[in-house]
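In order, the protein sequence lines correspond to chains B and P. Under the working numbering, the first residue of the first sequence carries the number 1, and numbering increases by one thereafter. Under the working numbering, the first residue of the second sequence carries the number 1, and numbering increases by one thereafter.
These are calculated hints, taken from the structure and not from any lab test. Do not take every clue at face value.
[Said to hold, decoys possible] Not the full set, but computed from the structure, chain B residues with beta-carbon under 7 Å of chain P:
{"#": "1", "residue": "Leu495"}
{"#": "2", "residue": "Gly496"}
{"#": "3", "residue": "Ser497"}
{"#": "4", "residue": "Glu500"}
{"#": "5", "residue": "Pro508"}
{"#": "6", "residue": "Pro520"}
{"#": "7", "residue": "Gly522"}
{"#": "8", "residue": "Leu525"}
[Stated by the list, open to error] Computed list of lysine to aspartate or glutamate pairs in EDC-like fashion (alpha-carbon distance at most 20 Å, straight line):
{"#": "9", "chain 1": "P", "residue 1": "Lys111", "chain 2": "B", "residue 2": "Glu500"}
{"#": "10", "chain 1": "B", "residue 1": "Lys475", "chain 2": "P", "residue 2": "Asp117"}
{"#": "11", "chain 1": "B", "residue 1": "Lys558", "chain 2": "P", "residue 2": "Glu180"}
[Stated by the list, open to error] Far from chain P, by Cβ distances over 12 Å, these chain B residues were calculated:
{"#": "12", "residue": "Gly88"}
{"#": "13", "residue": "Pro133"}
{"#": "14", "residue": "Val312"}
{"#": "15", "residue": "Val408"}
{"#": "16", "residue": "Thr467"}
{"#": "17", "residue": "Gln521"}
{"#": "18", "residue": "Glu543"}
{"#": "19", "residue": "Asp565"}
For glycine and all other residues, C-beta sits at the position ideal for the given N, C-alpha and C.
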Amino acid sequence: MSDVAAKPVVSAWTRRRLRLSRLVPYLLLQALIVIACVLMLRLVPPDDPDDYAVSEFSLVEDGATRSVTLPHFTSSRYSLADPPIYAGTFTRAPGDAKTAWSVFLPRFSNAVEVAVNGVVVLDSRRDDTANRPDRNTPQIVVIPSSLLRDGSNQITLRLFVWGPLKGFLDTVYVGPDDKLRDAYDTRALLFVTVPVVLSAWQSLLAVILAIMWLMRRREPVYGVLALGMLVGAVQAFVPPPVPPAPYPRIAAILLASAPIESALVVVFAVLFFGWRWPRLGLLIFAPGLTIFMVGLFASQPLPRIVFLFLGVPTVGVCLMLLAIIVTRAVIKRQDAASFVFGCAVTIVLTCWFHDMLQVFEIIQDERTFVTRLSYSAMLVAIGAGLTWRFARALNQVDSFAGQLVTRVREAEERLKASFVREEERARAAALANERTRLMRDLHDGLGGQLISIVALSERGNTGATITDAARAALKDLRLVIDSMDDIGGDLMLALGSWRERAAAQLRPHDIALDWRVTSPQGLPLHPELRPWHVIQIVRILDEAVTNAVKHASARHIKVTIETLDGGPDGPYGVISIEDDGKGFALAVNGADNGEALAAGLAARGLRNMKSRAARCGAALDIGSGPTGTSVRLQLPQRFPDNDAASR
Amino acid sequence: MTDQGETADTITILLVEDDAPTCWRLQDALVKAGYEVRTAGTLGQARNTLDDAAPRVLLTDLRLPDGHGIELIRETRRRFPDTEIMVISALGDEESVISAITVGATGYLLKDAFPTDIATTVRDLVAGHSPISASIARFIVRRTQTSAEPPPGPALNTAKLTPREIDILWGIAKGFSYAEIASHLGLSRQTVPGHIKNIYRKLEVHTRSEAVFEAVQQGLIKL
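Same shape as in the complex, but just chain P:
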């Protein structure tokens, strides 16, 4: 497992976390897995580090002493489209995870995850997977179905999700495996992760966030 980082090019990770013990713990797990980790405790530090070089992966907490992680995610997504972005969350609450996804994050990591799981999640991410949890899937479907009254929080363009994608999300929410979902829906096993990647792409929409950023920069809209 630990050999993963050595065979490939060294993967650089920027870890932004203000709580020192948590930061150490995550850093240890990642370094042990062979990643090259730089850390930042504040938004300012993170920006400085980003100016030096673009990391392959950005792991960021949302509540930072000098700002919100959302800003960092948005900036990073704009400046380095190839960087994988992941949110570090204490409880994995859907609201903040989804708002991070809408500005360009691709997944989230629980702060108390086992070291092996931390390394695995980052590896999956770099490999192009888009892990999605049951509660996040449920949250996305809820937002899509109750679009009559706009919920507080980030606006999702979930209306673009196809019925098939929503079915898949329901399956994940109910704890079915990809294989079970595929057989229930009459799909091949390989298409399910493809659909999930589509869902993620629809939620994160690089181009859209760029458009939004431009619009904000030019004073056309206010966020």
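Just chain B, same shape as in the assembly:
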């Protein structure tokens, strides 16, 4: 009892140690990833051409004018009617008149209108992606050369801000286009092209997952993830909730996509890593749905405010839940999928913290939001995990098929073995049966004859009797050997051999054997014919011939083999043996001793013949008179399977 109780304690402790030994390296690795992410974020923001920076501006905001240095935050506002206006100057050297000049805006939120010398050259509100605060889209525009003057030029920027985030304007660069273009290209690649690629990959993933789910409805995990990917892709490609958008309300609804998408990914992780779904688990969708409802019924800017205070934290909570789920999966399963997924979650979570710190201006950076960008790590991990799982499933199918083949083969072998055993048993049984019959036959015939030889030689009897007995014994031996031959149900084959033996037996007595077969094919075939049937029939014929030789003093024996029509059950054969002797009835009435003995033997012989005929279902008629004896053996249409009944 105590042993049983003690065991789980030990195993629980061991399990805990095992878990710890797996958890610690994993957490250390995640810490390394966080450090790497932070370093990357510090290093990655591209260098801008500082030579052409314009950062001294006068800001007209709420009617007041003050001087500011870019990058600059303005207070958040919800009306676009009176945007803050930044006015600044830049100088073009006279020698630069030949080259094209551009204005390059690396980062701004939410939208900007740029005028040079009073003429508007750029309005970012026309570019959907440029107005998304989470996208960090840069802008560049070439200033028409007619607008530019040598020496001092004026640049005016109107910053459109829609809350709840504060407006932000990074340093503005004005200079020769070729000098600014590289910096713009770098930013465009990082913040425009890469997100498009990412969104395309996400759409593709959505399609693949949807197909998977359609083909395997029993696994909702793929359906959930497909839905999540779909929400993300729609959110990426549908125009953002910019105030002049044609359907501001529908656009506002899309704000709910981020928390819903992250909640769906959490659901996916729970299902994928085999957790039991918690009872209140669906609460995770509550913030997203709240934003959705608000977006549906309230007008701007309320949905945005709700999004900032409900949606963004939800994303963070989801990421942390993911981290917990995946960490547990890593400890429990130790597989590649959960490991890769865990690293991706750590990257996204780090980036999310980075963005949060920027939103709350705890770190004063360029206000570059990277959560969306880092999300690609998660998508790659998901793709990799699915592929890994798919490949593993294929391997399992393969090995399962292999096992199945092996098992089928084993079953086959067993079946074969048991079949062989069964066959052997049947053969042994048949052999034993055959042996019993053979024994009986040898006992009846050969045995008796050999004993009589022994008896005769002991009495010193040297005459013909020993010869006869020995000859009879040999004949019987040949008969038994012959009857074991497979004659395929054709009794004629056995009769053919018997004819030769009978002829040889009759020749020394100068008795003629008249052999008549009335039909060319002889007797009907009997597929059910067995060796013991043949023995009985041949013995009957032997007995008849022996009687004719020994007791009837016949000169002529006629054997007739005919086939008669037996009606619906088919034809039947009749074998008749007639002799021209004096008949054994006379012998029975004979007076002297020798003849009485012979008569007794003949009577026993007749009894034997009748019982043999009965055993194989044949009818035996014996007629005897002074002119001869006739034995008529009428064969059955079908030989009986078993002779036990007739005994």
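With the hints as your guide, set chain P onto chain B.
Positioned in the frame of chain B, the structure of chain P alone reads:
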């Protein structure tokens, strides 16, 4: 019946049988019929006797103390193609009779046959007949028909048998007389023994056994 040997040239018989009483019995029957009989109890003795002079007929048992009668039959057939060879068999089992025929024997004699039958069989043999029994005929046909799985025992070139010859063998196996077989098959009575002789020739094939012997001598094949 006994006059047969006196009218013709004296027919010499070599009788090879290791069981003395059996040997006496057969010798008595043959001598009585007028044949000149020499006897041998072993393979070695038989070979010695053969070296002296070729007998007209060789009667040999198969199981001999110092070897198998098959060897003796093969040698005799090779050395003395004109000698008639007959196997002495206790039970007339098909397997040994057929293997003897394939190396050159022309018939077989049962050890317990009546003396008259022994003399008759030898006389028929010398006269050129080829007696065939029902069970041997059946055995030959079986071998011919079930050639799909090669049976254990001597290989027969029975595939060369014509359908007509096989029909005749079936008839014999079923105990029909030559006359009955002839009438069933629409042949004349005299052609049936001719066919049977052909069957025997095909089974014994002197030239083939010689070829086989040569091949064995030269180490080309192993028997």
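Against the structure, the hints come out as follows:
The interface hint given for leucine 495 (chain B) is met, as the beta carbon of that residue sits about 5 Å from the closest beta carbon of chain P, less than 7 Å. Contact between glycine 496 (chain B) and chain P, as hinted, is supported at the beta carbon level, the nearest pair being about 3 Å apart and thus within 7 Å. A cut of 7 Å between beta carbons decides the hint on serine 497 (chain B): the least distance to chain P is about 5 Å, and the hint holds. The restraint placing glutamate 500 (chain B) at the interface with chain P holds, with a minimum CB-CB distance near 6 Å, inside the 7 Å limit.
With its C-beta approaching chain P no nearer than about 5 Å, proline 508 (chain B) sits inside the 7 Å limit, and its interface hint holds. The interface hint given for proline 520 (chain B) is met, as the beta carbon of that residue sits about 5 Å from the closest beta carbon of chain P, less than 7 Å. For the restraint placing glycine 522 (chain B) at the interface with chain P, the shortest Cβ-Cβ distance is roughly 6 Å, inside the 7 Å limit, so the hint holds. Annotation: interface hint on leucine 525 (chain B) violated; nearest CB of chain P at approximately 12 Å, more than 7 Å.
Proposed proximity of lysine 111 (chain P) and glutamate 500 (chain B) is supported: the alpha carbons are some 15 Å apart, at most 20 Å. For the given pair, lysine 475 (chain B) sits about 16 Å from aspartate 117 (chain P) by alpha-carbon distance, which is consistent with the 20 Å threshold. At most 20 Å may separate the alpha-carbon atoms for a hinted pair to count; lysine 558 (chain B) and glutamate 180 (chain P) meet this at roughly 16 Å. Residue-level check passed: glycine 88 (chain B) sits 108 Å from the nearest beta carbon of chain P, beyond 12 Å.
Even its closest Cβ contact with chain P, about 90 Å, leaves proline 133 (chain B) beyond 12 Å, as expected for a residue assigned away from the interface. Distance check for valine 312 (chain B) against chain P: the nearest CB is about 87 Å away, which clears 12 Å, and the non-interface claim stands. For valine 408 (chain B), the requirement that its beta carbon stay farther than 12 Å from each beta carbon of chain P is met, with the minimum near 30 Å. Taking the minimum C-beta to C-beta distance to chain P, about 9 Å, the non-interface status of threonine 467 (chain B) is violated against the 12 Å cut.
Separation of glutamine 521 (chain B) from chain P is inadequate, the least Cβ-Cβ distance of about 9 Å not exceeding the 12 Å criterion. For glutamate 543 (chain B), the requirement that its beta carbon stay farther than 12 Å from each beta carbon of chain P is met, with the minimum near 19 Å. Every Cβ of chain P is farther than 12 Å from the Cβ of aspartate 565 (chain B); the closest lies at roughly 21 Å, confirming the non-interface assignment.
Comparing the model with each earlier hint shows violations of hints 8, 16, 17; every other hint is respected.
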